[in-house]
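Take a look at the letters that make up each chain.
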Amino acid sequence: MGRKITIPFGSQHVALPEPVRFVFQTENERITDVDVDVGYVHRGIEKACMTKFRYMQVGYVVARVCGLCAISHTLAYVTAVERLMGIEVPKRALYLRILVSELDRVHSHLLAMGHLAEVAGYENLFMHTFRYRELVMELQELVTGNRIQFDYVCIGGVNRDLTPEVEKELRKKLKTLKEKVFWLKDVFENDYSVKYRWKGIGVITERMAKELNVVGPPARASGLATDVRNEFDYLPFKEVGYRMVVRNEGDVYARNMVRAEETVNSLEMLFNVLDGMPEGSIKVNVKGLPKGESFIRVEAPRGELFYYLKGNGKMVLERLRIRVPTFANIPVMKELFVGMEYADVPAVVISFDPCLSCTAR
Amino acid sequence: MRQMLVESLKNLFSKPATVEYPFEPSPPPSGYRGVIVYRKELCILCTKCEMVCPPGAIKFTYNGDGTKDFHYNPYLCIYCGECVRACPKPGCLTHSQITAPPATTVPDWDSLEKEAEESKKAWLASKKKKN
Numbered sequence: 001m002g003r004k005i006t007i008p009f010g011s012q013h014v015a016l017p018e019p020v021r022f023v024f025q026t027e028n029e030r031i032t033d034v035d036v037d038v039g040y041v042h043r044g045i046e047k048a049c050m051t052k053f054r055y056m057q058v059g060y061v062v063a064r065v066c067g068l069c070a071i072s073h074t075l076a077y078v079t080a081v082e083r084l085m086g087i088e089v090p091k092r093a094l095y096l097r098i099l100v101s102e103l104d105r106v107h108s109h110l111l112a113m114g115h116l117a118e119v120a121g122y123e124n125l126f127m128h129t130f131r132y133r134e135l136v137m138e139l140q141e142l143v144t145g146n147r148i149q150f151d152y153v154c155i156g157g158v159n160r161d162l163t164p165e166v167e168k169e170l171r172k173k174l175k176t177l178k179e180k181v182f183w184l185k186d187v188f189e190n191d192y193s194v195k196y197r198w199k200g201i202g203v204i205t206e207r208m209a210k211e212l213n214v215v216g217p218p219a220r221a222s223g224l225a226t227d228v229r230n231e232f233d234y235l236p237f238k239e240v241g242y243r244m245v246v247r248n249e250g251d252v253y254a255r256n257m258v259r260a261e262e263t264v265n266s267l268e269m270l271f272n273v274l275d276g277m278p279e280g281s282i283k284v285n286v287k288g289l290p291k292g293e294s295f296i297r298v299e300a301p302r303g304e305l306f307y308y309l310k311g312n313g314k315m316v317l318e319r320l321r322i323r324v325p326t327f328a329n330i331p332v333m334k335e336l337f338v339g340m341e342y343a344d345v346p347a348v349v350i351s352f353d354p355c356l357s358c359t360a361r
Numbered sequence: 001m002r003q004m005l006v007e008s009l010k011n012l013f014s015k016p017a018t019v020e021y022p023f024e025p026s027p028p029p030s031g032y033r034g035v036i037v038y039r040k041e042l043c044i045l046c047t048k049c050e051m052v053c054p055p056g057a058i059k060f061t062y063n064g065d066g067t068k069d070f071h072y073n074p075y076l077c078i079y080c081g082e083c084v085r086a087c088p089k090p091g092c093l094t095h096s097q098i099t100a101p102p103a104t105t106v107p108d109w110d111s112l113e114k115e116a117e118e119s120k121k122a123w124l125a126s127k128k129k130k131n
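Chains Y and W are the protein sequences, given in the same order.
Going left to right, the first sequence walks through residues 1 to 361 as this note's numbering numbers them.
Going left to right, the second sequence walks through residues 1 to 131 as this note's numbering numbers them.
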């Protein structure tokens with residue numbers, strides 16, 4: 001019989017980039033029970049979208065839900081409104097949306113990989129990852145005019161066209177980035193200090209993933225082939241060379257490798273988008289008011305993002321509901337922790353890449 | 001492991017990846033969405049920018065003689081550029097390359113918002129009377 005100790009993990013913790021609180025009941029460093037609180041950064045965005053802002057402005061409000069997947073939120077909202085109002089978006093606008101959404105995925109995945117290296121105590125690799133991530137941030141600033149809050153997508157198209165100079169710069173920097181990402185992937189794959197730290201830690205079986213509804217890279221790392229880019233036609237991903245990355249181990253290492261391979265795939269898609277960019281307009285004029293219900297699923301960097309929308313022919317929406325990927329991944333985290341060593345907790349939490357600004361909104 | 005060690009040793013002697021900002025300039029790229037610049041001589045006072053602004057950082061106050069005054073709060077602005085796109089006169093509202101708002105205090109924005117609303121009501125009432 002060991003001593004029972006209660007250990008709070010968060011809401012402020014050195015390993016956590018965002019405020020989530022876990023309370024662990026431990027017995028000899030082994031966890032017996034977990035309690036989770038995710039509501040530390042609640043800002044009432046859903047309510048504000050239903051009362052204060054008109055439907056054309058809501059796209060800019062939901063972009064502020066999260067900094068890391070800003071484009072995903074706006075993209076989901078805008079696509080939902082377009083489906084509701086029957087707007088045909090020009091092909092060039094769709095390609096530009098893929099461009100920014102994949103740039104966003106690259107920067108988010110590199111951030112997750114870097115943080116994971118940091119909690120493993122590998123500061124050196126963390127610094128390298130973040131240095132190469134800076135290249136993507138510069139490209140985002142060049143394409144959209146801002147590093148994080150892009151405000152790029154609007155109802156009926158996109159806000160800004162791609163000029164030839166920007167395209168030239170994009171190609172040049174993406175080429176450098178691709179080399180660096182291959183190097184990083186090699187390090188993450190073969191470096192023995194990370195390999196022995198992460199292999200066999202926090203294993204999610206395929207059955208568990210299915211039952212507890214895991215989404216995003218953690219699901220694909222457990223052998224569950226689910227990706228909204230493959231299942232839902234919100235953007236023409238299949239035309240630009242999308243391929244699904246699936247691994248079967250289900251541990252922290254596999255989750256990280258799924259992210260690394262997806263980053264490589266995203267970079268391939270970015271080159272294909274630039275090569276096959278169609279000519280034409282980037283925006284159509286929008287008239288009318290949204291009436292009826294619509295829902296949309298989008299693959300954010302962390303997994304499936306769900307938007308439900310209800311308009312009643314007025315300027316202000318009647319209902320807006322957001323379900324974010326991190327919220328879907330919380331139940332499996334709780335399940336995983338029971339029976340695990342306390343020392344493995346930071347690595348497992350960060351391997352899910354939790355985004356609490358999204359979850360609490 | 002060895003690979004990382006070699007890379008780390010190389011980094012000890014290579015140039016830093018960051019810009020040494022206070023000693024070197026760090027210019028924003030072309031097309032950066034900075035502080036909004038307003039040119040009064042081009043404005044046709046259509047108030048479209050006021051209507052589209054998501055946070056309400058642009059307000060017009062109505063004077064007695066029918067003219068309007070433009071007010072802009074750079075600290076409330078989210079720099080989305082909606083007003084620039086909504087403006088029918090090209091060049092009237094533009095993004096500058098300034099990354100931070102000027103270090104001046106904004107006049108009491110709450111009372112300005114109230115004033116804008118009241119002056120608009122008064123203006124609409126006087127317009128009704130004329131008709």
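No wet-lab data here; the hints were simulated from the structure.
Predicted, not measured: the structure shown is a model, and the values here were computed from it.
Cβ coordinates follow ideal geometry from the N, Cα and C atoms, glycine included.
One or more hints might be untrue.
Residues from chain Y shown here face chain W by an in silico Cβ test under 7 Å; the list is partial [what the hints assert, rightly or not]: (1) 57; (2) 123; (3) 124; (4) 126; (5) 141; (6) 142; (7) 145; (8) 146; (9) 191; (10) 192.
Computed cross-link-like contacts, DSSO-like style, restricted to lysine-lysine with a CA-CA straight-line distance of at most 30 Å [unchecked claim]: (11) W/15 to Y/168; (12) Y/314 to W/68; (13) Y/47 to W/48; (14) W/120 to Y/314; (15) Y/199 to Y/314.
Results for each hint:
1. 57: holds (4 Å)
2. 123: violated (10 Å)
3. 124: holds (6 Å)
4. 126: Cβ of residue 126 of chain Y sits 12 Å from chain W, so the hint is violated.
5. 141: Residue 141 of chain Y check passes; min Cβ-Cβ to chain W is 6 Å, inside 7 Å.
6. 142: The hint holds - residue 142 of chain Y has a Cβ within 7 Å of chain W, the shortest such distance being about 5 Å.
7. 145: holds (4 Å)
8. 146: holds (5 Å)
9. 191: holds (6 Å)
10. 192: Holds: closest Cβ of chain W sits about 6 Å from residue 192 of chain Y, inside 7 Å.
11. W/15 to Y/168: holds (25 Å)
12. Y/314 to W/68: holds (29 Å)
13. Y/47 to W/48: Given pair residue 47 of chain Y, residue 48 of chain W holds - Cα atoms ~25 Å apart, limit 30 Å.
14. W/120 to Y/314: holds (23 Å)
15. Y/199 to Y/314: Violated: residue 199 of chain Y and residue 314 of chain Y sit about 54 Å apart, past 30 Å.
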